[in-house]
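Could you build the full structure based on these sequences and the hints that come with them?
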Amino acid sequence: MPPSVATHASLLLKAAAAAAHLHPKPFFSPRAAPPRIPSAPAPPAAGGSRYCPTTTTAAAATATSATAACPWFRWPPPAQAPVRGLCSLPHSGGGGGGGEGMGSEGVGRRRRVVAPAVNGVAKDGAPQPPPPKLLTLPTVLTIGRVAAVPLLISTFYMEGPWAATATTGIFLAAAVTDWLDGYIARKLGTPFGAFLDPVADKLMVAATLVLLCTKPLEISLLRDGPWLLTVPAIAIIGREITMSAVREWAASQNTKVLEAVAVNNLGKWKTATQMTALTILLASRDPSLPAQDALVTSGVTLLYVSAGLAIWSLVRMKLPAWLTAVPPDPRAYGHLIQLCAESGHLAAGRQLHARLVAASVTPSNFLASKLISLYSRADRLRDARRVFDSIPQPSLFAWNAILIALSLHSPDPSAAVRLFASSAVSPDEITLSTLLRSLAASGPALSPLVTGELHAVVFLRGFGSDLFVSNALITACANAGDMRSARAVFDEMPRRDVVSWNSLISACARAGWYRECLDLFQEFVRVRSCDGDGVGPNGVTVTSVLHACAQLKAVDFGIGVHRFAAESGLDMDMAVWNSIVGFYAKCGRLQYARQLLDGMTRKDSISYSAMITGYMNNGHVEEGMQLFRQASARGISMWNSVIAGLVQNGRQSDVLRLLQEMIASKVLPNSSTLSIVMPSVPSFSTLLGAKQAHGYAIRNDYDQSISLVSALIDAYAKAGFLDTARKVFKLTEHRSTIVWTSIISAVAAHGEAVEALSLFNQMITAGAKPDTVTFTAVLSACAHSGKVAEARKVFNSMQAVFGISPVIEQYACMVSALSRAGMLKEAVKLVNKMPFEPNAKIWGALLNGAAVVGDVEFGRYAFDRLFIIEPKNTGNYIVMANLYSNADKWEEAETIRSMLWGVGLEKVPGCTWN
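Terminal number for the sequence shown in the UniProt record's numbering: 914, no gaps in between.
None of the hints are false.
Straight-line alpha carbon distances no greater than 20 Å define the calculated SDA-like cross-link-like pairs of lysine to any residue that follow:
hint, residue 1, residue 2
1, K769, E809
2, K718, I706
3, K889, V853
4, K691, Q704
5, K829, F858
None of these hints come from the bench; they were simulated from the model.
Set out below in structure tokens:
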């Protein structure tokens, strides 16, 4: 390899290590293009140091280009993390300063290999420095230490008072020169010292240990335990032999392995302790020294400490070298990362990830999927996404991993759908079920646009028979507002499990299909009885069905569900008991519901909330407040139940007081709390409360909550601030059917029929599916503005386009539109064609329309039917009396007023201050 290539390749390795230390790379970083290798820099103009290449401007530019090509690999700028040349490392000519010796660990240092020069000029044309001198001061000192070994042995065996002092002096001089020649070698750049220095150190220390073991002192400590010096001596000498073998093996491996066995501070501490112990033991052989036993004891102790440090430093060096040399097994690492993910040990998983990056493991979809799972379970979705983005060619396995991570842990569940929309991967069952679950959780803002497409993909690819896909499709269709498609998917399933039944039953309960919910429960019980396979309703089923029973006030059916749950041995957990208490409370069986609540061994905030809601719905405000005060655990749901009850019962002043108490008890209102409070704001004298609630919502990131946005639009519109309601709507990011309906109702109530129709068309274009409330708002706006043609078009599109059967409210709006336009005969024909009996809303619309056009005959026709349905409604009498008066039929008008007084009613005078 040319010297320039070797130099810059080594520089890149060191820079990568520095970059990995400062900026840990994500897994599977895409490789940058090979950098251009600049020519070797010129040698220094003056000075006696060895030529040592460093990072030049060209090399820095190359690093910058590599960083630009690979944004995941961040090359630290020279000002923050300078990259030194290889020769800027301390040379290993000596032990104490630059290495350990046997002291020195200098053999393990990397050397720059320079190609031989021809006539003083390298192959690349750059001039070369002159060859270093062989005999320099560090070399002479090292040779002197080698020559001092025989002298040390001779003085050790001599007799006389000066022998111990001479031996100690020779060893101490060798220890000092061990540090000195290393320091000078680094200054002068002596290559010969790199070879001879560790030999001299090991020879001197080994000779001293052998001498001490062969001729121990005649003292009590060593006389009773002659092995006390043998054990540490064997440990120290064995460690040096093993370390030499490790370094010889490391030299045959890659540069990273060689770096793993370089000098560290632990080796230096070992060397210092070792030299001190041997010096004390040699000096203690002088019989004239006082406290000879204490010196020997301290020397032996330090020698054992040195032996322990020697063994520990060997382990600390050999293990990283082995881990660096042996490439990790991707399958084994994948299973280890999976264990870390399942047990929640993120730190251990990141360490495994770092080892994979350091070992430059080939990208693997298997490993990537395990890392994605690790990071997503720890709520580090950004790291999981980086792992996925770094895969060169992600397979379907990796796609499924990132989609599952996003659908389960992302705050925006639709992120999985948006990510997969940018791919060209063919989905499988896992992909489709994951995307459908993500759609179900994303709400109606995105579901109607994508659910239909995924529905088609499911059946075109033949996944309709897959149980998990079908279950997810039922939930997605239901959350998109397409209950008919959800029921069709359920009916076409060849096999159903309890999740299938619960998905549709819960969807019906949420969508207001309460009667269908009860029918499905009966069918589920019947299927269970016929099959006998043990798969039947569970606690989730019972909870959904009891909610439907409470809404329908189907007390007998709910009692039967309760009996079924008790007799069939269902797992009656707290959620089931809460639903049972809530059912009886909402149906007016307050005493029995309270008995069930008091009999529960464990209660939570939802338990009390269910009972409090029952009290409030039935007008028992004081009992509800008393139970609220008695509750031990007041969660946010309980506070919301009490506030909703106060709003429902017209206790606005108590609402504000309770809100203050709630905040004082360190329970902060959430989006549901604000949604409950907002309808009562127009009852206040000013909009200060609404603005405060709105500001609180913005500060706490609740301003995008669908229920709160709808409540804000309604509150501002009812208070006369229609422009503010429009602004709230425009600032809403995800406009669901509820939000569209709120703004349409707001502008319709202000008589803006053209804007209401325009918003309705925008809603259809945006992909949101209108519901019955939306149609009621649009038809009401058309009726009050005389737009009969538009009303007909919207009314006819309900069944034909959207598959929604008109209910009594939509018929009432059409009757009002026709009658107000003078089409009273057509209005009566529409009433007669209705699939159900007309109620007071229908006849009231006809009466008001007749009053607008002044048609007494049709007015009396409607009034007679209203008199039968609601004889105590004073408004009907007043409208009919005024209709007669406007037609100059004063006697008939007086007759109507007499009828009003005859039933004990009177007109309540209006006022402007209430």
